[in-house]
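Novice: Here's the letter readout for the chains.
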Amino acid sequence: MVIEENVPSIFQWFPKAALDWAILVLVFFLLLGFLGMLFSGLRLGPANAFKLVLKTAGQTLRDVFSVSFKTVWALASLTFKEAIRRKIVIVFIIFVLIVLFAGMFLDPTSPHPAQLYVDFIFGSTAYLTIILMILLTAFSLPADFKNKTIHTVVTKPVLISEIILGRVLGFVLLGTMLLVPMGLVSYGFVIRSQAHTHTVPDGLTQDKTNPALERGVTSNEREHRHEIVFDKENQVVHLTPTHDHTHEISVREGKDGERHFTLSQPIDMYKARVVQYGEIGYLDQKGIVSSKGVNVGDEWEYRSFIAGNTDAAFIWQFENITPASLVDDALQFEFTQEVFRTHKGVISRQIIGAFYIRNPETGLMLEVEIFQSKEGGTSVFRVPRTINISADKMNLKSSQRNPNGTSGSRASAVSVQIARQGGELQSYPPEDKLNIGGANRAEFDLFKDFVAPQSSMFDEKGREIVRQNVIEVWVKCLERGQYFGAAKPDMYLRRADASFAWNFFKGYVGIWFQMVMISMYGVIFSTFLSTPVTVLATFFVTLGGYFHKFVAAMGTQNIEGGGPFEAAIRLFRQDNMTIDLDMNAGENILAKMFDTVFHTFIRFLGNLVPAFDSFDTSAYVAQGFNISFNTVLINLCTVLGYAIPLYVLGYICLKMREIEQ
Amino acid sequence: MAEVVVETRNLTKIYRDFWGRRKVHALKSLDLEINQGEIFGLLGPNGSGKTTTIKLLLGLLFPSEGEALIFGKNASDVRRNERIGYLPEESYLYKFLNAEETLDFYGKLFHIPAAVRRQRANDLLEIVGLTYAKKRQLKEYSKGMVRRVGLAQALINDPDVVILDEPTSGLDPIGTRDMKDMILDLKKQGKTVLMCSHLLADVQDVCDRIGILFQGELKEIGRVDSLLTVKDTTEIQTSTLPDAAIEEIRGVVQKYGGEVKSVGNTRTTLEDLFLRIVEESKQHPGRRAHGGESNGN
Ligand SMILES: Nc1ncnc2c1ncn2[C@@H]1O[C@H](COP(=O)(O)OP(=O)(O)OP(=O)(O)O)[C@@H](O)[C@H]1O
Ligand SMILES: [Mg+2]
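Line by line, the protein sequences give chains B and R.
Residues 1 to 661, numbered by my numbering, are exactly what the first sequence covers, in order.
Residues 1 to 297, numbered by my numbering, are exactly what the second sequence covers, in order.
Here chain R stands alone, though its shape is the one from the complex (with noise of 0.2 angstroms):
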């Protein structure tokens, strides 16, 4: 059983307006962990408590109950946070200054040595491919370049728990395939990935596990793979065929007593389920998943 890096329980939050009113209860009870070298996702509809999860667990947020834990240490303990890189929602850096200089900048918070730290900088420059722009001011970069900056920012001190708030928003098709080409590569290197999304065939091509919040509870958790297998279904997948071939493997299915159901291209089945948890969880509020178990189901 491998080491649990991230761990919440009982965690609750509540939004409260300036007179302590109680405004929108935003995270009920979650329990998570998450395992050393896995990738998993939140997902869940707008609103519904990914990011207040991720803030909880990074201090930006104080709980209402409940503790959120990296490495079993909670946020008033800043040393954890030298191995922790985070990609915020929207990219919150420095305006006035260019990729080179926000690197810099927040390399020297990690006490990283000056040579080490231009070379770290340099190499993480490459990888978002921001190398031919490194020296103009941020206010002149576009969305997805700030979102390049951002990730390089999080990279920055090799961080052994990386956490994504919406890794792939304002990336075209290549940077959100590039971002999970990096997400594999981080699992390979080890590193442990927590990132939410509600862009379903991202998550399903690279998590692990994942966990499906609503109105802030947590409605479903598991494995990808089995969360996503049909129990009554089978499939089989070849290159397109002629029809006459399908016929006649419709005559073996029925021969077999079985029924050819479908005949298409794959659909994103993660996208099915995820409609079907929303749409059961408004006919039946109350019902919930529990984390904390690797293999869902």
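So here's chain B without its partners, still in its complex pose (with noise of 0.2 angstroms):
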């Protein structure tokens, strides 16, 4: 799964990155005129050093803003120019040409072929972009100085930080201009690299238990078939979806009474789902609320697990469900789970579970399905809008049942509110209150009866958030001695799909964010660099920029075991890292005081580099996930938090920098 949380509005979002970007920001700048004055301070004196670093200060904001957008333009224009006229077309032929040969290496048997399409015609452009614009950033700066062209420049009005900008510029319009190309090629490849069509050779023929039914099988294109089932009245009652698509099926009766069979190109191949997270928490074997499901073994296991027929459950709080989130009038949950065995269970079929939704102010609940587990696949919940139990097949759960287990239990972070209030587990509004009347109710509404308005809960860290309709669900296994094995992203509600083409488009956008970080980078460091050297320089950027979560999350405290110096004395001692370092205060503030630097640290180190891995959004096409457009207006503000203190920092080592030498 390549999301695995919802992404959160711009609005939300902006704030906090923004505070964080302006200190980060401000430090680092703060931390560079401390160098340069103490730098400056050994040859000048320490007045003469401030005053000097003032003044470049206020030079440096005099010049970075009063930037003339004509100058800028015609830097770029000649920089664009240049590399047109070193005959960079050349790298979209290039490009051509591994499209074109890409089919003959591509695995034809591959069950999934959009993704492995997706995923290779991305990783390509990509690629052969990132390559190109480390190279070209890295020869055309130093290339200026070195055939002094520079010089007939900076003796004109030109700012340096004109310069700067033009060079950016230049290269971000040289990239654009060859991914668009590179686009509407790519585009066109992957959905013509999947077109086909089947037959149906043998006909159909009667199926064997029910007689209204006529069975068939479609001829293997593409390293596979469908299988067909028809009625009497030549109606299609059914297609088998494999690799990931089905087909339009019409059957036409000739004049001997053959029939002939059109099925159309392949359909619901490339998606672009929109899909909505929830909450998770769980319920122990006893109906308790418990923080985490049974660990079956595998230490470092991404899912909790949960017991068979016991009044263990995955419970899931989805926010803001409003007439807008239906499919089809309904509600679409897709749920992808493990099952752990401790016994084979009865070999003709799947384990066994329930799914229900329950509204969690209320505690009105409802089992909508029971349902077969489908190992490593997904299984689809269909929760209508107009409820009737009856003809539903669907049955209607008091959730008051257990007043000390089950009922109390909303979800995780609902025990912390239970907990704060005394430990005793709050009663539920009385039966009469809920108006189900004694089950004489038939009919129930979805947003009226299991959507709760308003729904408090409390996130990760204990903090109470007030969400706005919310609805619950729950998951059972219900067979003894088996487990289910869910996370939090396994559950999600599926929403209307996006257009695929538009989130191909927005995958590019991706791309294009790197394009345009490592000209940035490209482009600082061969103001002061070599070209060689700035060749190395932006390759490691950009490949810490692929490993920016990991050097993140180094930076944060959150690792089991503690930092380096908390894991070294762990080490030592031959410590668990789980238990909490058993040694005297003093020891203990150090040994956190050092991490707690050596964090910081490394957040600002790992703030440094850019986060390319978040700006490859190519994933979520090819696995058929929507990019969410605040995905890309976060990546937009990224990118620019990111160009703004480099090309400060450019013009700094370009104007320190004597043009000269």
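Some clues are possibly wrong.
[To be verified] With a Cα cut of at most 30 angstroms, we get these calculated DSSO-like pairs of lysine-lysine:
no., chain 1, residue 1, chain 2, residue 2
1, B, Lys-81, R, Lys-219
2, B, Lys-148, R, Lys-187
3, R, Lys-219, R, Lys-261
[To be verified] What follows is a set of in silico ranges between Cβ atoms, one per label pair, in the way DEER data are often shown:
no., chain 1, residue 1, chain 2, residue 2, range
4, B, Leu-24, R, Glu-67, 33 to 43 angstroms
5, R, Gln-189, B, Cys-637, 46 to 56 angstroms
6, B, Cys-637, R, Glu-67, 27 to 37 angstroms
7, R, Ser-64, B, Ala-568, 42 to 52 angstroms
Hints in this document: simulated from the structure, not taken from any laboratory.
Given the structure is predicted, the values throughout are model-derived calculations rather than measurements.
Quick reminder that beta carbons are idealized off the backbone N, C-alpha and C, glycines included.
With the hints as a guide, dock the two chains, each given alone in a separate frame, to form the complex.
Specialist: Rendered as structure tokens:
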């Protein structure tokens, strides 16, 4: 699964991010000023050094803001023209050749052909663009210095800041000009590569168990077949989807009574699923809320498990459930589960589970479906807007049935609330208030009966958060001795699909962001480094960028066993990393303090490299998930967040440099 | 007294290596003033610091000490560049552009409106005689042709101060002649020109004042005509005379107690001066001229 969190809206994200950014940038430039003072202080004495740094800062601020767009544009066009005249178009030709030959090397038997092709195309576009940008930027300014062409530019009324911006803009334009045709070619390639249809060579045969149905199988194309089921009126009943797609099929009866089947081009192959995640909680075997499920042995397991035929359950809470969340007038949940068996179970079927919805405030609960697990697959549950219990074959559950267990357990966070209120489970509204009136009602409305207009929950840090329009979703395993395993992102609400073409475009925007970042870093490094060193430096920054999450994680203090100092102590004393460090307070504080300094430092360093891994959104496209507009906006802001200080830094570097040397 | 346009005060440059160790003391406390409307020539043997002086003036190098001002402003004020034209030692132009695009590009940096830019580019190409080749990329140009584009580039903004580093290097005799005419033309338009060269004839022909640099020190400065006046000789130039006439003149000279030192065609006297100063400087290091005065000696 590519995304595991709901993307915050830009408005939620921005204030905190902007503050963090401002602090970091301030610290960075203060540090720079301090270093500048230190070095010039050696030569000029402290007072003069201070004056110099102040003057430089003032000049920097002035020059950085008073750029003329005309000049920047002239310089950008020059950069652009240079690359074009140096036959950069060849890169595009290479790209087309790669794409043309790609078909030969991609595995034709892949069960997820769309994913394979999209992955490949995005990978090759990104790598090619990145390598190209690293090389181009590394050659451009240093060549300007080497040929001294820069002499004729800086002796014109041109600000150093304009030179930096002009270069970057030129490369960004160039990259854009390359990415647009690459994108078009890729899109055509991806769509065309999967074009196929099937025939039904052997016709249909009578179904063995159901006299009303006829069955058949399509021809083998691209290493797969579909099974088809028709009724006697030549109406299609079913076409088994495989390899991530289906076809539309129609049948026409010829004069001789022979049937001719026509299958459409693949449909549903390229999707942009819009999904919403919830918060997860667990009930243990006695129905008591716990923060985790059971561990079935693997120490680093991603999923937690619940035991079958007990009160154990997974609980997800989803917020903002409104009519806009409906697809075909129903809420559609998709659930991926892992199954852990302690015995084989019944051979002829999979493990049985149950899916419920519940109103977190009233406690009204509905058993929507009893399902067979799909190991490694995805089960789909539909909850219609208007629920008729008898017609839909659903069972109403009163969750009051066990006041010390299930009923009080809303979700993991809720237990915190309960504990705070004196450890006693709160009683829920008496039954008559629930207005189910002794199950006299058969009709229920999804929004009125199961969605709480407001419900408070606690987040991971125990902060209370009031959420709007919340629904709860429960899953239980119904077989003794069997376990279901799931993690938070395994259950999601599937909303109406977005357009794949648009998603593809957004994926390319992700590459564009990476390209912009690399041209920034390349230009900045090339202001003071020679070509080969610039290539290396940009390369390492890029590499670091792809491991950004890893570096950033080192900078957080949430790693079990503590930071390097604490970990070293544990290693030395052979302490387990889950127990608290057994030391006297002083030692303990010291170790933690060292680690805090270390973490802050790493976090600082981690932020110097761009978050390439979050710009790279191609996995969403490949796996068929929609890239939310918020993701794009957040990435755009992040790019700008890097671009602004980098630009200033580039200005300072070039300004400090004696053009001649 | 005319306005001072170019000024250096105690200008010193020490080239250092990567570790900050001194390598070359290229310019030693240079004081120089160049007035509005003047053509000033900077002379000196190779490596004497001429280019260094120009680069310091333009901000391509940072002074180790002292100041280099044009229009009273130092190089960090880029607005002053609007009125400066610079022809570098070698033509540092973008080889992938053609002559027309080159002029257009530099014109844009001055924010010259497109129509004016085109007009001026055409005029300048006409003046430097490259109209016939204006669509060809500079990488196909000969050295002299690139030099001409370089000059056109330096004049694209109709500058008030023109700084030329060896303007005639790489030019053919006709080109050299044209260049000198152009410099004189600039003077007529009231522009100030600072040029450096070691082609002494060029300097003698066009410069009002010269300064001679030797190993980073200013050794001589003054007006060309007075510098070249040799006080104890009188020179009479006539069209070529028969031997008999020369004998007769000899007699006249002796009658007035004079002595005829030489008879023949006139030599480039600047060359004399130049060589003498270099020779003297080698024998008496330390003697130096001080700039700023408009009449030397
Ligand atoms: N970038 C540099 N690094 C170190 N030393 C330099 C550098 N540029 C020039 N020099 C030294 O400074 C001195 C003056 O050089 P400059 O280029 O000013 O001479 P010049 O008078 O222009 O000579 P030429 O007539 O050959 O052009 C020389 O000794 C030279 O070696
Ligand atoms: Mg020189």
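Novice: Hint by hint, note whether the structure agrees.
Specialist: Against the structure, the hints:
With a C-alpha separation of about 47 angstroms, the suggested pair Lys-81/B and Lys-219/R falls outside the 30 angstroms cut-off, and the hint is violated. For a cut-off of 30 angstroms, the pair hint linking Lys-148/B to Lys-187/R stands: about 29 angstroms separates their Cα positions. Restraint check for Lys-219/R and Lys-261/R: the C-alpha separation of about 28 angstroms stays at or below 30 angstroms, so the hint holds. For the pair Leu-24/B and Glu-67/R, the supplied restraint of 33 to 43 angstroms holds, since their beta-carbon distance comes to about 39 angstroms.
Between Gln-189/R and Cys-637/B the beta carbon distance is about 54 angstroms. The supplied range of 46 to 56 angstroms therefore holds. The hinted range of 27 to 37 angstroms is not satisfied by Cys-637/B and Glu-67/R, whose Cβ atoms lie roughly 44 angstroms apart. Roughly 50 angstroms separates the CB atoms of Ser-64/R and Ala-568/B, a value that falls within the hinted 42 to 52 angstroms.
Violation of the numbered hints given earlier is confined to hints 1, 6; the remaining hints are satisfied by the structure.
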